[in-house]
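Engineer: One line per chain: the protein sequences are A and B, in this order.
If you use my numbering, the first sequence corresponds to residues 3 to 312, in order.
If you use my numbering, the second sequence corresponds to residues 1356 to 1872, in order.
I should point out that these hints are in silico values taken from the structure, not numbers from a laboratory.
Careful: at least some of the hints might be erroneous.
Derived lysine to any residue pairs resembling SDA-like cross-links, with alpha carbons at most 20 Å apart [unchecked claim]:
(1) B/K1737 to A/L116
(2) B/K1577 to B/P1527
(3) B/K1677 to A/S192
(4) A/K307 to B/K1413
(5) B/K1737 to A/F123
(6) B/K1737 to A/N175
(7) B/K1677 to A/E177
(8) B/K1394 to B/N1426
(9) B/K1673 to A/S192
(10) B/K1800 to A/K284
(11) A/K284 to B/W1846
(12) B/K1677 to B/R1728
(13) B/K1737 to A/E177
(14) B/K1394 to B/T1412
(15) A/K284 to B/K1518
(16) B/K1413 to B/N1426
(17) A/K307 to B/W1824
(18) B/K1518 to B/R1506
(19) B/K1577 to B/G1545
(20) B/K1800 to A/D114
(21) B/K1737 to A/C132
(22) B/K1737 to A/S192
(23) B/K1677 to B/L1711
(24) B/K1737 to A/P176
(25) B/K1673 to A/G193
(26) B/K1657 to B/V1430
(27) B/K1737 to A/K307
(28) B/K1394 to B/S1420
Examples of chain B residues lying across from chain A (beta carbon under 8 Å, computed) [stated by the list, open to error]:
(29) A1463
(30) G1464
(31) M1465
(32) P1467
(33) L1468
(34) G1545
(35) R1728
(36) F1757
(37) V1851
(38) L1853
On a predicted model such as this, the values are computed, not experimentally measured, just so you know.
All C-beta atoms in this analysis are idealised placements derived from N, C-alpha and C, irrespective of residue type, glycine included.
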Amino acid sequence: MSSFVTAAPMLRRPVVSAPQEQPVFVFKRFSAMPKLAGVTSASRLEVRPTPEMVPSGIAEIDALAGGLPRGCLTEVCGPASSGRTSVLLAALAAATQRQETCALVDTTDAFDPLSALGVNFERLLWIRCCHAERRRSFAKRSSCGVEASLSPRSVEKAGGVRSARNDNSRNDNPEKVEQALRVTDLLLQSGGFGMVAIDLGDVPLQTARRIPLTTWFRFQRVVERTPTVLFVIGQIPCAQTCAALLLRLQPGNKLSAFSSQLSVKNGAFPAHAQLFEGLHVKGELLRSRVERKPAASVTAAFTTKAAWTG
Amino acid sequence: MPFACIFVPDFPLEALLRAEPELRSLPVAVLEGKTPLQKVFARNEKARHAGVEPGMTKPQVEACSGLALRNRSPVQEAAAHAALLDCAQSFSPCVEDGGYGTVVLDLAGMEPLFGPLPKIARAVARQALDLGLEAHVAVASNPDTAVLAARGFTGVTVIPEGKDAEQLGSLPLEVLFAGSFDLEGEQEIGQLLETFHRWGVRNLHGLAALPDVPLSERLGQKGVFLQQLARGAASRTLAPVEAPLVFEEAIELEYPVLLLEPLAFLLARLLEQLCARLGARTLATQELRLQLGLANGRNPAKIFQRTLRLPIPLLDPKIFLKLLQLDLQAHPPGAPIVKIHLAAEPAPPRAAQGGLFLPPSPEPEQLELTLARIAGIVGEGKTGSVELLDTHRPEGFRMQRFAPGGPQSMSDAGSPRPGSSDAAVTALRMFRPSVPATVTMRDGKPSRIACSKRKQVQDGEVLWAAGPWRASGDWWEHEGWARDEWDIAVWGEAGVTLYRLVRDLLSGRWWMEGTYD
């Protein structure tokens, strides 16, 4: 420790200062305060371990991002027909083939099991968030503290009010998203899932934007230090900085296997002589915290094959 | 050959206190009979101090302040006796049913398993207490001595071999007639007691000291039998019973229950008792049946039934309670409840061992609870796993209960499923329900589509179309179907989107079934 002495001509008294000891002194003083005794300074925070990466089921994405990180939130976004759901199903197929138990929170009930080749359905929990009638409360305390009676009249009355409200509600997307988030919360708290996927692919942009960032932060904190891969697909990035891996998908230059026919050959062949064979997808890595370096905007292209092409 | 007897004094009262343990600190009397002529049948020590005696009428005892009155419940007595048998069966396979409140078990060969006899007796008493019954336990070298000691001495009693008469000597003569030693008639019992009192015999020691031959001359074989009991010299073999594996608990309520909270409170007690009984027999359950007796239900049978089936055997009353709560929240009975009957189907407990190298899997108990909670959010039938059906019909699948099997080893897990390849499969995102569309045809193929009711479907020109792919089925049944499928590319505001367009050949209507993504 070095210290220096300066002469103060006005006071005629030497002033001793220890600029390098001052932060240590302050830290000790603060740490001695009972209210701050349990606070860890930022410099002493534990370094987050590098997450384990698991295959995504698509070799090009694995080469681009290194796979899907366990204990982190992975987000895949893109417009319709950009291959988001195909990537999701490939990840689910890979996870279920590893004998992991997976869950798919289907916000808009859009999952088609017939096109999910390779997915082991015995290990996939499918939750279909839909516009179902809300569960009837059985003698449950309402938020205002009034106890609902169990008598048939009260049950009918309550059910009638709810059904009327449901009939009147035309746009049920916020309710579905709320269901999806609550279900995801339960699944993550339950633990033990290898992958929990949330499908927000058909959720309108304004609804997706309304999801609070704290929700994603909470999800990310819950899956941290667990082997669960939290996988979200949507039209836009919802989780923002909470996502450890963010991929944006777009239709490739060639829209699909038939796209070459679009411009010049359209009409040259009859419709029954053409076949939809799959999608060309262009993936862009927007964020990756896995390697702890600024992610370069790198891209990869891959093709999905229709189920009937073999 | 040692024997143990478990005796529950005031059994009808104990059966009630088992369901309402908070009454143990209060004076309680049990009434028997029809409403105008109800009389006290049993009472606890506090009620005795308050002056309540058996035979008093209900109006007489109602004058006692703080006295809790309950009607005798045969259902609860049967459940309590079954619990007592379960308690005995958890220690010995050779158990004799001595009537309500009395069970005798053979302890031969049990010492290497459970320790010395006093330890076994204490363990039996503790087990009975866990099942909600305060019992007297006595161990002796013959079953009748064990029964007499259990009736006469409180707590745990162990009579060393050869000291039966000495230990039993202080007991009053009434213990001989408290049960069924083939002396059933009350009149006959009264005559015998009167005779003994006239002879100056007050306890078993006096009876044992009587000379044999004069006793036989005056009282016959019954007198000799009683004397042998008093001397601890009676010998017989046990008549073992095979207790049926029926696990049922019931409670009849004094007042109807309206709310879930008090109902859950009662269910928790019943579940704890059921689980304790199952645990005593080293069993678990995979099915819970709940029957609620309703007071004013619209159901003519006035019985509300719910069955809770579990994919694996469980034995956790808290899990069961939460599952029942969630189930009742989703399916309310609709009327006040006056009776609760809960039955558990026994099953061997789950034997599983985790491994270090197995893939992650949720805990079955926690998974069941999570699934029930999720069903409460999204509705019943909206969660589970998919089972593909052997049909080409659209939506050819059905939901089934999600029950992931035990994890396999990682070496087995690495094998790919048939049908999987390196390339990802193009997924179809379904519109449920399908979106009606207005389609303009040109040259036999769709040229323009318009869907007014769904924002996700873009109206516009069809850039490309492939099809039609015709499919039909089930025409031999009422639910036949026939349709043409088209794969189309539509140019809209967000770019090109690929759809599956379907024409129902039976109705001639067009539907947008989904989008390729």
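Engineer: Indicate, hint by hint, whether the structure satisfies it.
Structural biologist: Here is what the structure says about each hint:
no.: 1; hint: B/K1737 to A/L116; in the structure: 17 Å, holds
no.: 2; hint: B/K1577 to B/P1527; in the structure: 18 Å, holds
no.: 3; hint: B/K1677 to A/S192; in the structure: 15 Å, holds
no.: 4; hint: A/K307 to B/K1413; in the structure: 83 Å, violated
no.: 5; hint: B/K1737 to A/F123; in the structure: 15 Å, holds
no.: 6; hint: B/K1737 to A/N175; in the structure: 17 Å, holds
no.: 7; hint: B/K1677 to A/E177; in the structure: 25 Å, violated
no.: 8; hint: B/K1394 to B/N1426; in the structure: 10 Å, holds
no.: 9; hint: B/K1673 to A/S192; in the structure: 16 Å, holds
no.: 10; hint: B/K1800 to A/K284; in the structure: 30 Å, violated
no.: 11; hint: A/K284 to B/W1846; in the structure: 19 Å, holds
no.: 12; hint: B/K1677 to B/R1728; in the structure: 9 Å, holds
no.: 13; hint: B/K1737 to A/E177; in the structure: 15 Å, holds
no.: 14; hint: B/K1394 to B/T1412; in the structure: 4 Å, holds
no.: 15; hint: A/K284 to B/K1518; in the structure: 93 Å, violated
no.: 16; hint: B/K1413 to B/N1426; in the structure: 11 Å, holds
no.: 17; hint: A/K307 to B/W1824; in the structure: 18 Å, holds
no.: 18; hint: B/K1518 to B/R1506; in the structure: 17 Å, holds
no.: 19; hint: B/K1577 to B/G1545; in the structure: 14 Å, holds
no.: 20; hint: B/K1800 to A/D114; in the structure: 26 Å, violated
no.: 21; hint: B/K1737 to A/C132; in the structure: 8 Å, holds
no.: 22; hint: B/K1737 to A/S192; in the structure: 19 Å, holds
no.: 23; hint: B/K1677 to B/L1711; in the structure: 30 Å, violated
no.: 24; hint: B/K1737 to A/P176; in the structure: 18 Å, holds
no.: 25; hint: B/K1673 to A/G193; in the structure: 19 Å, holds
no.: 26; hint: B/K1657 to B/V1430; in the structure: 18 Å, holds
no.: 27; hint: B/K1737 to A/K307; in the structure: 29 Å, violated
no.: 28; hint: B/K1394 to B/S1420; in the structure: 17 Å, holds
no.: 29; hint: A1463; in the structure: 47 Å, violated
no.: 30; hint: G1464; in the structure: 43 Å, violated
no.: 31; hint: M1465; in the structure: 41 Å, violated
no.: 32; hint: P1467; in the structure: 41 Å, violated
no.: 33; hint: L1468; in the structure: 37 Å, violated
no.: 34; hint: G1545; in the structure: 52 Å, violated
no.: 35; hint: R1728; in the structure: 5 Å, holds
no.: 36; hint: F1757; in the structure: 5 Å, holds
no.: 37; hint: V1851; in the structure: 6 Å, holds
no.: 38; hint: L1853; in the structure: 5 Å, holds
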